[in-house]
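S.K.: Below are the chains, spelled out letter by letter.
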Amino acid sequence: MLDLSVNLLGKKLQNPLILASGIMGVSVSSLKYVIQNGAGAVIFKSIGPDERTGHKNPTVFSFEGGIQNAVGLSNPGIDNSTEKLKEAVSTLSVPVIGSMFAENVNNFKIVAEKMAKTGVAAIEVNLSCPNTEDDFGRMFALEPKVTGEVIRAVKSVVGKTPIIAKLSAESPDIVEVAKSAEEAGADAITAINTISGMFIDIKHKRPILTNKYGGISGPVIKPMGVKAVYNIYKAVKIPIIGTGGVNTGEDALEYIMAGAAAIGVGSGVYFRGIDVFKKISDEIIVFMENEGYKSLNEIRGVVHKN
Amino acid sequence: MKKIDKPLALPIKKIVRESERVKTFIFDYDFPGKPGQFVMCWVPGFDEKPFGIIKKEGEGFSISVAAVGNTTKALHMMDVGDLLGFRGPYGSHFKLPEKGSIALIAGGYGMAPLSYLAQEARKINLEVYLFVGANKKEELLYMDWMKEIGVKVHTATDDGSYGYSGFNTELFKIYVEKMIFGKVFIVGPEIMEFNATQICYEKNIPFEVSLERYMKCGFGLCGQCCVDSTGWRMCVEGPVLNQDELKKVTEFGKYHITSSGKIKKL
Chain G
1 MLDLSVNLLG KKLQNPLILA SGIMGVSVSS LKYVIQNGAG AVIFKSIGPD
51 ERTGHKNPTV FSFEGGIQNA VGLSNPGIDN STEKLKEAVS TLSVPVIGSM
101 FAENVNNFKI VAEKMAKTGV AAIEVNLSCP NTEDDFGRMF ALEPKVTGEV
151 IRAVKSVVGK TPIIAKLSAE SPDIVEVAKS AEEAGADAIT AINTISGMFI
201 DIKHKRPILT NKYGGISGPV IKPMGVKAVY NIYKAVKIPI IGTGGVNTGE
251 DALEYIMAGA AAIGVGSGVY FRGIDVFKKI SDEIIVFMEN EGYKSLNEIR
301 GVVHKN
Chain A
307 MKKIDKPLAL PIKKIVRESE RVKTFIFDYD FPGKPGQFVM CWVPGFDEKP
357 FGIIKKEGEG FSISVAAVGN TTKALHMMDV GDLLGFRGPY GSHFKLPEKG
407 SIALIAGGYG MAPLSYLAQE ARKINLEVYL FVGANKKEEL LYMDWMKEIG
457 VKVHTATDDG SYGYSGFNTE LFKIYVEKMI FGKVFIVGPE IMEFNATQIC
507 YEKNIPFEVS LERYMKCGFG LCGQCCVDST GWRMCVEGPV LNQDELKKVT
557 EFGKYHITSS GKIKKL
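Residue numbers (this note's numbering), protein chains in the order written: chain G, 1 to 306; chain A, 307 to 572.
In case anyone wonders, no lab produced these hints; they're calculated from the structure.
Think of the CB as a built atom: it goes at the ideal place given N, C-alpha and C, for glycine as much as any other residue.
You may find that some hints are simply not true.
[Claimed, not checked] On the chain G side, residues computed to face chain A include the following (Cβ under 7 Å):
{"hint": "1", "residue": "Ser-29"}
{"hint": "2", "residue": "Lys-32"}
{"hint": "3", "residue": "Tyr-33"}
{"hint": "4", "residue": "Lys-56"}
{"hint": "5", "residue": "Asn-57"}
{"hint": "6", "residue": "Val-269"}
[As the list claims (entries may be wrong)] Beta-carbon label-pair distances, calculated as ranges:
{"hint": "7", "chain 1": "A", "residue 1": "Lys-484", "chain 2": "G", "residue 2": "Gly-65", "range": "54 to 60 Å"}
{"hint": "8", "chain 1": "G", "residue 1": "Gly-197", "chain 2": "A", "residue 2": "Met-384", "range": "45 to 51 Å"}
{"hint": "9", "chain 1": "G", "residue 1": "Met-198", "chain 2": "A", "residue 2": "Gly-472", "range": "49 to 55 Å"}
{"hint": "10", "chain 1": "G", "residue 1": "Asp-134", "chain 2": "A", "residue 2": "Lys-405", "range": "56 to 62 Å"}
{"hint": "11", "chain 1": "G", "residue 1": "Asp-50", "chain 2": "A", "residue 2": "Met-384", "range": "33 to 39 Å"}
{"hint": "12", "chain 1": "A", "residue 1": "Asp-336", "chain 2": "G", "residue 2": "Gly-137", "range": "45 to 51 Å"}
{"hint": "13", "chain 1": "A", "residue 1": "Lys-553", "chain 2": "G", "residue 2": "Gly-65", "range": "39 to 45 Å"}
{"hint": "14", "chain 1": "G", "residue 1": "Asp-50", "chain 2": "A", "residue 2": "Lys-312", "range": "28 to 34 Å"}
Chain G on its own, in the form it takes in the complex (with noise of 0.2 Å):
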């Protein structure tokens, strides 16, 4: 049998499919269901140093090619979420990784120490949602600089818990922004955050969302995750979690031969299902057994090469 494991951050993982955050992750029940469906570890959905309800709906919807979200950091605030992340740490049968949100500074330090204590094994600095612009201001991740006092900030006071850097593909320069995320001590990299767009109904006459722009992804973003993924694989040695419009195993694949060590899935919920970890496993195997590969360590990165 074809062995799809991977190691990232200490961590053995099955197979390299990543609950993306933000998908399903509000309950443990609910990621307990998505375990069952295949996925290798799991990113709970953001959490910030308050409760939040959110945006009202409409806040997803699908189109041809793609989701639209606006949800509006929607959660319960670090303190009454502790317990829960606690419950999830103990109970599920892989890494479970926190995700979180602040508006400044001093607040990622607030959350990020809370969380490290829950025994999440990684905690993933969301520095690039692009749907609370009108409460938090422009993006973190829009600027190395911003990245790096973020990073350092969060890295001083969540002892060995591994941080990993949400970007965006919004950056005028990714690149920097994750050698800036490196530098400042990040232990890995997920690449790309949803890309911010508007659709309007001719017919109302008025933007969709509530919001009225709001996170695309799906297959749309998917040829913008890749190439953030090859180039940021030239110019950083931390692992890439890749993540954007991958649907099925040759769309891991791609992101794979990018560079990435694993690979987030989201959106792909929707397009096929929750079993979307367990579909996409099965077509990276037939994919290696019929190319002749054995790890998926013989692909990572092989376009680089070529």
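Mind docking chain A on chain G? Use the hints.
M.R.: Relative to chain G, chain A alone:
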């Protein structure tokens, strides 16, 4: 017909006042949808909310809306010709037995999906017994329609203004002692649903219940409507669950999660 995942703008064709608080909005569009499934209805400028789809014979489809919050009150102010946005249909649906008699236990606005189910059941000549509860007589919905299609209607009102004085579940309990129902369908406030399911478990009658949870995406992505302990999404694996599935939903009758993800007790 394919489901619609990007809001489709449809003009209101007709508005029927059902009661003091409830209006039915009818659309001239053959929207797909089986009894128990729901649509996400976007009231521009306010919110987007789930409503059980009703497809009355000879009409496209309709939703019945009680004016209880800002969004539903805004909807009640709308006129024929005004536009609403629809996505769906979403979720699991009721499954009727092939023959025999069924009981419907409807509390308040639970009548909406069950009225559509009653129509489909009568089409295949099932005996349909309806146990419907409301605060008062004026809030009982679709009584003429139900009688017209041959549903045996049993009413219960909290104030005793019409039919049995008390809860519809108490009324159902009286009938269940002397009658045999092949299957029971339950929609209403969660406490009513809980009480009704307890009777069915006790009497070993198969049932289906529709479990309402806060919805965002409606199509299985956001996790907002996942229930403990299975993690099932009430917009995909639910909202209609049968007696065996419901046993695994440990939060039923106890708590749910709010829009922020916090737990709220019933």
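S.K.: Verify the interface restraint on G:Val-269: the C-beta must sit less than 7 Å from at least one C-beta of chain A.
M.R.: 6 Å, holds
S.K.: Kindly confirm whether 56 to 62 Å is satisfied by the beta carbon distance between G:Asp-134 and A:Lys-405.
M.R.: Holds, since G:Asp-134 and A:Lys-405 (Cβ atoms, about 58 Å apart) stay within the stated range.
S.K.: Next item in the hint list is G:Lys-32. Is there a CB on chain A closer than 7 Å to its CB?
M.R.: 5 Å, holds
S.K.: Between A:Lys-484 and G:Gly-65, is the Cβ distance one that fits in 54 to 60 Å?
M.R.: Taking Cβ atoms as reference, A:Lys-484 and G:Gly-65 lie about 58 Å apart, which means the hint holds.
S.K.: Taking the Cβ atom of G:Gly-197 and the Cβ atom of A:Met-384, is their distance within the range 45 to 51 Å?
M.R.: Between G:Gly-197 and A:Met-384, where Cβ atoms are some 29 Å apart, the hint is violated.
S.K.: Range first: 39 to 45 Å. Now tell me if the beta carbons of A:Lys-553 and G:Gly-65 are that far apart.
M.R.: Check passed, 40 Å falls within 39 to 45 Å.
S.K.: Tell me if G:Lys-56 is really an interface residue toward chain A, meaning its C-beta lies closer than 7 Å to one of theirs.
M.R.: Given a least distance of 5 Å, the restraint on G:Lys-56 holds.
S.K.: Please check whether G:Met-198 and A:Gly-472 have a Cβ separation lying inside 49 to 55 Å.
M.R.: 53 Å, holds
S.K.: Let's test the interface hint: is any C-beta of chain A closer than 7 Å to that of G:Asn-57?
M.R.: G:Asn-57 check passes; min Cβ-Cβ to chain A is 4 Å, inside 7 Å.
S.K.: Do the Cβ positions of G:Asp-50 and A:Met-384 conform to the proposed distance bound of 33 to 39 Å?
M.R.: Taking Cβ atoms as reference, G:Asp-50 and A:Met-384 lie about 35 Å apart, which means the hint holds.
S.K.: Just tell me: holds or violated, for the beta carbon distance of A:Asp-336 and G:Gly-137 against 45 to 51 Å?
M.R.: 46 Å, holds
S.K.: Is the interface hint for G:Tyr-33 satisfied, with its Cβ closer than 7 Å to some Cβ of chain A?
M.R.: 3 Å, holds
Going down the numbered hints, you'll see the structure goes against just number 8.
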